[in-house]
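Order-wise, the sequence lines are chains A and B. Residues in the first sequence are numbered from 15 upward in steps of one, following this note's numbering. Residues in the second sequence are numbered from 81 upward in steps of one, following this note's numbering.
Source of the hints: derived by calculation from the structure; they are not laboratory data. All C-beta atoms, glycine included, are put in the ideal place defined by N, C-alpha and C. Take the hints with a grain of salt, since some may be wrong.
Selected chain B positions facing chain A (in silico; Cβ < 10 Å) [unchecked claim]:
#	residue
1	Gly95
2	Ser97
3	Leu128
4	Lys148
5	Cys171
6	Thr178
7	Phe181
8	Gly182
9	Leu187
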Amino acid sequence: EVQLVESGGGLVKPGGSLRVSCAAFGLTFSRYTLNWVRQAPGKGLEWVSSISTSSRFIYYTDSVKGRFTISRDNAKNSLSLQMSGLRAEDTAVYYCVREGLSGSSFDYWGQGILVTVSS
Amino acid sequence: QSALTQPASVSGSPGQSITISCTGTSSDVGSYNLVSWYQQQSGKAPKLIIYEVNKRPSGVSNRFSGSKSGNTASLTISGLQAEDEADYYCCSYVYGSTVVFGGGTKLTVL
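Pulled out of the complex, with its shape left as it was, chain B reads as follows (with noise of 0.2 Å):
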């Protein structure tokens, strides 16, 4: 199973919005709306921020929005502060009950 594709780093300034693609196939990403995002900072643990593409969970900010079109989700973050700064993670459920999760983006908060 190939890991998801996501880009390697973004970038914005306080106050932008910015947004996190993560591209699957149609055995992940295109067939199931399981797709779930995680933040990283620095040294920690992942922190769950999305799952089943949109819906955030208790206590995270709603700066942070999902949505998917076809083999595609996306990760969106408004009003960029710079504690956003963090390695962010797509994740999909799979054909087979594995699981699969992109390789990863850097934010920097400018």
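Chain A on its own, in the form it takes in the complex (with noise of 0.2 Å):
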């Protein structure tokens, strides 16, 4: 059974930096595209980052281009969101997904972490 599971969420302070992280377990992690989907309290789902098989290519929503950066380690079947600058509008739970192998939807979902910008 596929499972993802997050951690590392928490409150931090305006321009504050925080990493969220994803496990991954029974998947060959390696073959999947990898992504974070956001949601903040009572609102919609908010694509925020991609990151290919071989981190090859890596891409973000534009209002986190230059504060966030994804990344993942195969050997250790883990992914990571680092989170910097953070501003309230960050304040979401953050979802660790799999892209599907056609490429074109997200076939599994973490149980979303929640991280709070707040002073």
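Dock the two chains into a complex; use the hints.
Right, dumping it as structure tokens:
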């Protein structure tokens, strides 16, 4: 069974940094593109970033470019999102998400981890 | 990149059919058959229910179906059941290898 387990969330002050991680189980990790998708409290889903199997192709939504860095370690079956220059509007549940092999959809989601940016 | 446009809410009675629209542009929905739909029940992570416009993952009920015409994709749920009450999100690939979601639609089963 595929499981994606996020960790590392919490409360951080505006301008601060935080790293969220995702541990993957039950899949051949290196075969899949991985993504972070976030959801602000009471709001809709927002795609944040993606990283290809070998980390060659990395993409970000415009609002996080230059502040967030996605990375993966295929040897450890782990995905990370390093967030810096955090703003109140970054407050959200962050989901670790697997992209299906057809490359067109998100077929497995973690349970999500809450990141709160507040003074 | 602007979010895809979905109605904020729809409702239907048990046994009825409902359709949720998802309107994008020629840079996303209109150019690629890479529209997916997600169901999010209260307090849970989203679940994939439709991919590549009209394909259902294994285990998803055939009461869920998808279609697309021009820049608008649609999700139809037939034989509405109480358990279908949830938020529904569409999603599309965007030129430039990014992704955009719709704003979400709250489905109420009356």
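These are the hints, each one checked on the structure:
Against a cut-off of 10 Å between C-beta atoms, the interface hint on Gly95 (chain B) is violated, since the closest Cβ of chain A lies about 28 Å away. Residue-level restraint check for Ser97 (chain B) is violated (minimum Cβ-Cβ distance to chain A is 23 Å; threshold 10 Å). For the restraint placing Leu128 (chain B) at the interface with chain A, the shortest Cβ-Cβ distance is roughly 5 Å, inside the 10 Å limit, so the hint holds. About 13 Å separates the beta-carbon of Lys148 (chain B) from the nearest beta-carbon of chain A, more than 10 Å, and the hint is not met.
Using the Cβ-Cβ criterion of 10 Å, the hint placing Cys171 (chain B) at the interface with chain A is satisfied: the shortest such distance is roughly 7 Å. At a threshold of 10 Å, the smallest CB-CB gap from Thr178 (chain B) to chain A is about 6 Å, leaving the interface hint in force. Given the 10 Å rule on beta carbons, the hint for Phe181 (chain B) holds: about 4 Å separates it from the nearest Cβ of chain A. The interface hint given for Gly182 (chain B) is met, as the beta carbon of that residue sits about 7 Å from the closest beta carbon of chain A, less than 10 Å.
The closest approach between the C-beta of Leu187 (chain B) and any C-beta of chain A is roughly 14 Å, which is over the 10 Å cut-off, so the hint fails.
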